[in-house]
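**Q** Model the full assembly from the supplied sequences, consistent with the hints where possible.
Order-wise, the sequence lines are chains R and Z.
All residue numbers for the first sequence refer to our numbering, where the first residue is 208 and numbers rise by one.
All residue numbers for the second sequence refer to our numbering, where the first residue is 5 and numbers rise by one.
Think of the hints as simulated: they come from the structure by calculation, not from any bench.
Fair warning: there could be bad hints in the mix.
[Stated by the list, open to error] Using C-beta positions, here's what the derived DEER-type ranges look like:
#1 Q232/R <-> L700/Z: 44 to 50 Å
#2 S769/Z <-> G281/R: 50 to 56 Å
#3 E741/Z <-> S315/R: 19 to 25 Å
#4 Q232/R <-> D705/Z: 53 to 59 Å
#5 K742/Z <-> D268/R: 26 to 32 Å
#6 S282/R <-> A791/Z: 53 to 59 Å
#7 D701/Z <-> S315/R: 29 to 35 Å
[Stated by the list, open to error] Over 12 Å on every C-beta distance to chain Z, these chain R residues come out as not near it, computed from the model:
#8 T211
#9 R212
#10 E236
#11 D251
#12 Q271
#13 A299
#14 D307
#15 Y309
#16 T316
#17 E325
#18 L327
Just so you know, even glycine gets a beta-carbon here, dropped at the ideal spot from N, CA and C.
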Amino acid sequence: VTSTRVLIVDDEPNIVISLEFLMKQQGYETATAADGRTALSEADRFRPDLVLLDITLPELDGFQVCEQLRAEHGSDMGIIMLTARGREAEVAKGLALGADAYVTKPFSTRDLVGTVHEILGTP
Amino acid sequence: MSSWLVVVISACYLGILFAVAYWGDRRKDAGRSVISNGTIYALSLAVYATSWTFYGSVGRAADTGAGFLPIYLGPTIMAAFWWFLLRSMIRSSKRHRITSLADLVAHRYGNSAVLGGLVTVIAVIGVVPYIALQLKAVSDTFVVLNSGAVTVAPESATTPVLQDTALYVALSLAAFTIVFGTRHLDASERHEGMVAAIALESCVKLVAFLAGGLFVTFGIFDGVGDLVGRAASNPDAAALFTLQPHTSYQSWFWLIVLSMFAILFLPRQFQVAVVENVDERHVNTAIWLFPLYLLAINLFVLPIAVGGLLVFDHGDVNPDTFVLALPITAGQPLIALTVFVGGLSAATGMVIVETIALATMVSNSLVLPSLLWFERRLARTPVASAPAATGAGLPLASFGYGGDLGRLTLRIRRTTIVGVLLLGYAYFRLAGEGPALVAIGLVSFAAVAQFAPAIIGGLLWRGGTRNGALVGLLAGFAVWTYTLLLPTFARSGWLSESFLVEGPWGVGLLRPEQLFGLHGMDDISHGMFWSMLLNAGCYVVVSMLGREPRRPATLRVGAELTGLDGEPGLSRVSVDELQILLQRFLGTEAAKDVLEDYLRARENPDSPLATSRVADGELVRQVEVLLSGAVGTTSARVMVASVVNENEPLHVDEVMDILDEASQVLAYSRELERKSQELERATAELREANERLQDLDRLKDEFVSSVSHELRTPLTSIRAFSEILLDNIDLPGEEREKFLRIVVDETERLTRLINQVLDMSKLASGTVHWNISDVDLGRVVEDSATACEQLFEQRGAQLTVSVPPHVPTIRADRDRLVQVMLNLLSNAAKFCAPVDGQVSVKLGVEHDDLRVDVTDNGDGIPPTDQERIFERFQQGGNGDQGTGLGLPISREIIRHFGGRFWVQSTPWHGATFSFTVPMQPIGAGRKADV
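**A** Structure representation (structure tokens):
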């Protein structure tokens, strides 16, 4: 039985720690990346079912990563964008580039977990 | 001496003059002018010295001593004013092609033909006595020389006219002048040959007079000392060396004024000084040479007068002939002949130039305008309007000259010369016997002085009008005739003596020499006083009463087209000339179109427009209207007029109007230009300000957005871990502690961030409170290093500090400098090499600054980022705890103290952050609000 895999991409170590804790608590397998380029290579290696993707990243930003993930891995991979920038234009841009959901920081842990379940289609 | 010898010698002399004149004209035609130098010019001005000077000065000196002097003092004084007066007259006469005094006056007062004619009449009548004077002198001296009878006064009044020497003198002078001055018609009315001959005559008369004077002083007497010594024992002669009791200062004043006017306004002086001038620089020579000439020719006047009084018995010999009579009596015919030739040259010079000048005036300002006027009147009557066979439509065609005005003009001038000389002879016969030479000359001087108010007033006063000049001249001339001319007739017996003594019809108040009871003045002073008073008075009053309205421009041009200005043969304008004028302002194509349209519209095979392409008045008017649009009405009028009539002289008022108009347009366009520049500048400033505001707005948006992002990041961690802790109360103690630690750290980070944002905005808005004191930067560096020791220990990095022993204190805020140091040190600790990290701090003195370098051995900063890291919220590293405000705040602080803050880095070889603080607290005092 393969467990659900979640890739966490954020350049803030503390946020990565909290997300990792939350995802592991749901029983998911996790991998992390602190910049855009690492995120893409981890996605190739780890084959995640879901990516929690921060927008403000070094190297490649979240939009570019999102675009590439969609191009390389199709629409099966769930992508939830996380950002401190909550502007409508950015939300629209992220969704247009193929993100499945959009969560603004600071987020409610319960809402985030709910959104993750929703995207993964799990109860 | 036999009369034929005298005649032959005179004829030879005149022949030589003629040869010189001929040579001068030939040289001019060859383009090698002989008169183009200042000396010749000054000598030609000496035509002022006539036989009046040659003979009359001695006569006056024998009577009044120094009384002959004012006539030469006036011109000497006036010569000092030539520098600007004569030069400006020459300049404006050349510009406007003024060829006579009458031209000058008419030109100043709106080309008034009437005024020009009046001036001509006054000049002719006024100068006639003067001509008579020359005739009298030549014929008297001829008789004296011929008969050798010095004591016999010639009684020409009893001599039949046909046996009168003076008549033949007059006729031969007329013939000579005609051959001399009117051989051909010179367009510019200049006579170079004549000027050359006049200059020669000036030399001859000076040499002759000096010869006579030297002979009298050193030949008859034994030098000046002998003369003076002997004079002391003779009551008549002795009186000459004192200012005699009856010498009136008033009379001196009027004589000086008279002669000052005469040197400018005598027609012959105007002719040689202005019309014949080749180069205005020659005036510079004349200013000193001409007075010198006058001095030289007057040198022996008193010695000759004294000699004459000593040699001859009282009243036996006319003192006017002393200079001739003395050599004759002494038995020196050669000297006498020399003196006679000198006198002859003085007289002929005057007569030639004077009559030529008068002839120009009479033909150009009197006869031709009258003929044109007469012709126009004639043309209005149906009988005479039938076109003549040839030359129809041309000016003066009906007089049979078919447009060849040159022949007509020459004929008028020759007639004038003969007429003036005959008038002179008539005056000589009627009045010339009685008074002395000088008295006659002064009457002429007073006549030409009448021009002074109109000319000088016209130069200096814009308000002078044509009517003012006309009335003034008429009044002055009338008074002159009444108080000066008529009395000379009365004295000679031609008029009743009672006219002088009792006044006309016995009315005492009207006695011509004591007018309105004014007595105690000599006749000249009296006449000058009344004529000048009335002349100038009428000129000013009439001018002020009626400023005549300016005539519309088109009327003026129309009048000029018909050739009414009196200049012969210059009044036609071709269509082509107008086209050239238009082209200059409208462009070639437009000008062509306008004219062709006009010509088509007036297609008429008989019109002069079609046949000879001579423009008619309507076309001229249209051209003027077109030009007015481009250059304004006045300028258009002047330009069209300049084409229509090249001799169009400018009225002073018109010149002023052109200048006014032009300067107004210039002022408007300058103002407009200035306004539009201002507007452009204001627009540019506004645009700049707007861009700056937009930039600031964008920066502010970015700042707010950045701040909110930076705030959300720690908040995200805090909220997430708080919720995790809340939802998972059964977390293991180790994990729970780790999460709580993160919450605390992030809270601290949040606090720090908020503080720095506030700090930054205070720095940016300049509301920071600075605590300025004497700061030892060495201590600051050392204290900061100590504070960071623990940080470096944690990172396993080594910190070395290098501070020189004696560092000058600076005026600064110590806490702010510590803040900068801590920022740099914590950055260095963060970015130095993870293994074996090395950070060095160095303080030194560089020029007038203290300099601090903080060097780490980390990865360094790529060149593209070296400026970016000083911008707000642009953090250098990844995922650290920085706020992105540390470096911007530090740089603001250092800048506040007047220092510089920069980074040098080679990627992979570490980075050095440096700042300077000036030792002189320029920056500290600037913004400190302590």
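**Q** The structure should be examined with respect to each hint, and the outcome stated for every one.
**A** Results for each hint:
A beta carbon spacing of about 47 Å between Q232/R and L700/Z agrees with the range 44 to 50 Å that was offered as a hint. One distance hint, 50 to 56 Å for the beta-carbon pair S769/Z and G281/R, holds here, with the actual separation near 53 Å. About 24 Å separates the C-beta atoms of E741/Z and S315/R, a value consistent with the hinted range of 19 to 25 Å. Checked against the hint of 53 to 59 Å, the C-beta distance between Q232/R and D705/Z comes to roughly 39 Å, which is inconsistent with it.
Between K742/Z and D268/R, the C-beta spacing of about 30 Å keeps the proposed range 26 to 32 Å intact. Checked against the hint of 53 to 59 Å, the pair S282/R and A791/Z passes, with Cβ atoms roughly 55 Å apart. Taking the beta carbon of each, D701/Z and S315/R are about 33 Å apart, inside 29 to 35 Å as hinted. With a least beta-carbon separation of about 20 Å from chain Z, T211/R lies farther than 12 Å from that chain, consistent with its non-interface assignment.
Remark: the non-interface label on R212/R is consistent with the geometry, its nearest Cβ contact in chain Z lying 21 Å away (cut-off 12 Å). With a least beta-carbon separation of about 19 Å from chain Z, E236/R lies farther than 12 Å from that chain, consistent with its non-interface assignment. Annotated as non-interface, D251/R keeps its C-beta farther than 12 Å from every C-beta of chain Z; the closest such distance is 21 Å. The beta carbon of Q271/R sits about 17 Å from the closest Cβ of chain Z, which is more than 12 Å, so the claim that it is off the interface holds.
Interface exclusion of A299/R from chain Z stands, the closest Cβ pair being 17 Å apart, more than 12 Å. Residue-level check passed: D307/R sits 20 Å from the nearest beta carbon of chain Z, beyond 12 Å. Against the 12 Å criterion, Y309/R stays outside the reach of chain Z, whose nearest CB is about 14 Å from its own CB. Remark: the non-interface label on T316/R conflicts with the geometry, its nearest Cβ contact in chain Z lying 4 Å away (cut-off 12 Å).
Non-interface call for E325/R relative to chain Z: holds, since the shortest CB-CB distance, roughly 19 Å, exceeds 12 Å. Residue-level check passed: L327/R sits 20 Å from the nearest beta carbon of chain Z, beyond 12 Å.
The earlier numbered hints that this structure contradicts are 4, 16.
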